[in-house]
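Q: The opening position of the sequence shown corresponds to residue 1 in our numbering, with each subsequent residue numbered one higher.
I should point out that these hints are in silico values taken from the structure, not numbers from a laboratory. The reader is advised that the hints may include incorrect statements.
[As the list claims (entries may be wrong)] Within a straight-line C-alpha distance of at most 25 Å, the following computed DMTMM-like cross-link-like pairs (lysine to aspartate or glutamate) qualify:
(1) LYS286 - ASP223
(2) LYS309 - GLU141
(3) LYS264 - GLU122
(4) LYS24 - GLU14
(5) LYS24 - GLU10
(6) LYS24 - GLU141
(7) LYS224 - ASP261
(8) LYS197 - ASP140
(9) LYS11 - ASP273
(10) LYS197 - GLU141
(11) LYS154 - GLU135
(12) LYS132 - GLU195
(13) LYS154 - GLU254
(14) LYS309 - GLU195
(15) LYS264 - GLU121
(16) LYS197 - GLU245
(17) LYS197 - ASP233
(18) LYS284 - ASP261
(19) LYS149 - GLU113
(20) LYS132 - ASP273
(21) LYS35 - GLU50
(22) LYS296 - ASP232
(23) LYS286 - GLU243
(24) LYS309 - GLU3
(25) LYS224 - GLU243
(26) LYS197 - GLU135
(27) LYS11 - GLU36
(28) LYS284 - ASP273
(29) LYS149 - ASP233
(30) LYS89 - GLU50
(31) LYS286 - ASP233
(32) LYS213 - ASP233
(33) LYS132 - ASP21
(34) LYS264 - GLU245
(35) LYS296 - GLU141
(36) LYS149 - GLU254
(37) LYS264 - ASP233
(38) LYS286 - GLU218
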Amino acid sequence: MFEQTRVNLEKQYEELQELLDHNKEQAFRLFLAQKESLLQGLDTLVLQDEQNQQTMANMEQELLQLKSSLDCESPAALLKIKELDTNVKAIEDFYKHLKKQICVDNKRLKGLENSVRQIVEESKELLTRPWKFAENITFDETTACGNLKTSADKTTLHCTPSGPQKQYPKQREEAAATILATQFFTSGCHYWEVEVKNLTGWTVGVVDQGWKKRRREEALGQDKSSWALQLDDGMLVAMHDDEIEILREQNHAERLGIFLDFSKGILRFFNVDTGCVLHTFFAKFKMPVYPAFSIKNENTNIVSLMLCKLVPTGDLPVETAVTDIQIPL
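All chains should be built: construct the whole structure from the sequences, respecting the hints.
A: Spelled out as structure tokens, the structure:
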């Protein structure tokens, strides 16, 4: 499976490189054609200038001859003078408009530049996928509430129906199965993924440091200090400050991607399997924020939520770590 994925990725990047090389070749062919056209135009102007210079030299000679050998009042002399005057005006017009003629019409070149610039900007937007900022996060078991237990590597969360349950105010008992990540963020861009398949109810999001201090008072998304995406009874909703927005997602995600741009105040949720954006929060983060997770207690079954490994940790051979890690697209 991993080898086939690697081969497919290499083919796709090779195809992308071929498209870029072909586009570059076409762009420079157009550039060279414009350059040749300009140089040909300049060559024509140089030739006309040389012809005008020769014409002026001939005219000077003819004027001298007129002065010395002809009666300026004779019809023949007047006709010759009129012809010379016409030639002078033609030459004057040529040099009068010469500046405009030698000015390079760079509209086509600018259009070419703009087209390539647009390709670059759109490519940046496409290539700057969230997983560029991927990192591994772990659960902080000291923040676990209810019947939540973590695996030894702190990447899998279990909620068991057995055992005594801690008591919380009835209106907030849904907050009893919440846990935070060990990592917190104060700047920059970050991306992590969580697997939620086989879960009928889950909540995933972030909370700020203020929420952490009073975490047993509010469930995720019910105050100004937390932002969350929740699936409950088949309904997918976005929640913040106790406001709920119902989302139209036909196939519920089995793997969520969460992108955080702390500086710009962007929190975005993805369906990793389809690449679709599920929801985007725009906020002003004033305190450190922690990834947060909650599992609905099903009372009869053990349910699990898993943090996905996105960055090799060195426990695989170097070659394997580079080529055989499945990167979500």
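Q: Are the hints correct? Go through all of them and say.
A: Going down the list of hints, with the structure as the test:
1. LYS286 - ASP223: holds, 15 Å
2. LYS309 - GLU141: holds, 18 Å
3. LYS264 - GLU122: holds, 20 Å
4. LYS24 - GLU14: At roughly 15 Å apart (the allowed maximum being 25 Å), GLU14 and LYS24 satisfy the hint.
5. LYS24 - GLU10: Holds, at roughly 21 Å.
6. LYS24 - GLU141: violated, 53 Å
7. LYS224 - ASP261: holds, 18 Å
8. LYS197 - ASP140: Holds: LYS197 and ASP140 sit about 22 Å apart, inside 25 Å.
9. LYS11 - ASP273: Given that 25 Å is the threshold and the Cα spacing comes to 20 Å, the pair holds.
10. LYS197 - GLU141: holds, 22 Å
11. LYS154 - GLU135: The hint holds at about 15 Å.
12. LYS132 - GLU195: holds, 19 Å
13. LYS154 - GLU254: holds, 20 Å
14. LYS309 - GLU195: Holds, at roughly 10 Å.
15. LYS264 - GLU121: holds, 19 Å
16. LYS197 - GLU245: Roughly 22 Å between the alpha carbons, so the hint for LYS197 and GLU245 holds.
17. LYS197 - ASP233: At roughly 14 Å apart (the allowed maximum being 25 Å), ASP233 and LYS197 satisfy the hint.
18. LYS284 - ASP261: holds, 10 Å
19. LYS149 - GLU113: violated, 57 Å
20. LYS132 - ASP273: Holds: LYS132 and ASP273 sit about 17 Å apart, inside 25 Å.
21. LYS35 - GLU50: holds, 23 Å
22. LYS296 - ASP232: holds, 8 Å
23. LYS286 - GLU243: The given pair, whose Cα atoms are some 20 Å apart, holds under the 25 Å limit.
24. LYS309 - GLU3: holds, 18 Å
25. LYS224 - GLU243: Since the Cα atoms of LYS224 and GLU243 sit roughly 10 Å apart, the hinted pair holds (cutoff 25 Å).
26. LYS197 - GLU135: Answer holds: LYS197 to GLU135 is near 21 Å, not above 25 Å.
27. LYS11 - GLU36: violated, 37 Å
28. LYS284 - ASP273: Judged against 25 Å, a Cα distance of about 29 Å means the pair is violated.
29. LYS149 - ASP233: Within the cut-off at roughly 23 Å; holds.
30. LYS89 - GLU50: Within the cut-off at roughly 17 Å; holds.
31. LYS286 - ASP233: Outside the cut-off at roughly 33 Å; violated.
32. LYS213 - ASP233: Between LYS213 and ASP233 the Cα gap is close to 30 Å, so the pair fails against 25 Å, i.e. violated.
33. LYS132 - ASP21: Roughly 24 Å separates the two Cα atoms, so the pair holds.
34. LYS264 - GLU245: This hinted pair holds, its Cα atoms lying about 22 Å apart.
35. LYS296 - GLU141: The given pair, whose Cα atoms are some 17 Å apart, holds under the 25 Å limit.
36. LYS149 - GLU254: With Cα atoms ~21 Å apart, LYS149 and GLU254 stay inside 25 Å; holds.
37. LYS264 - ASP233: Not OK: LYS264 and ASP233 at ~33 Å, beyond 25 Å, violated.
38. LYS286 - GLU218: Holds: LYS286 and GLU218 sit about 19 Å apart, inside 25 Å.
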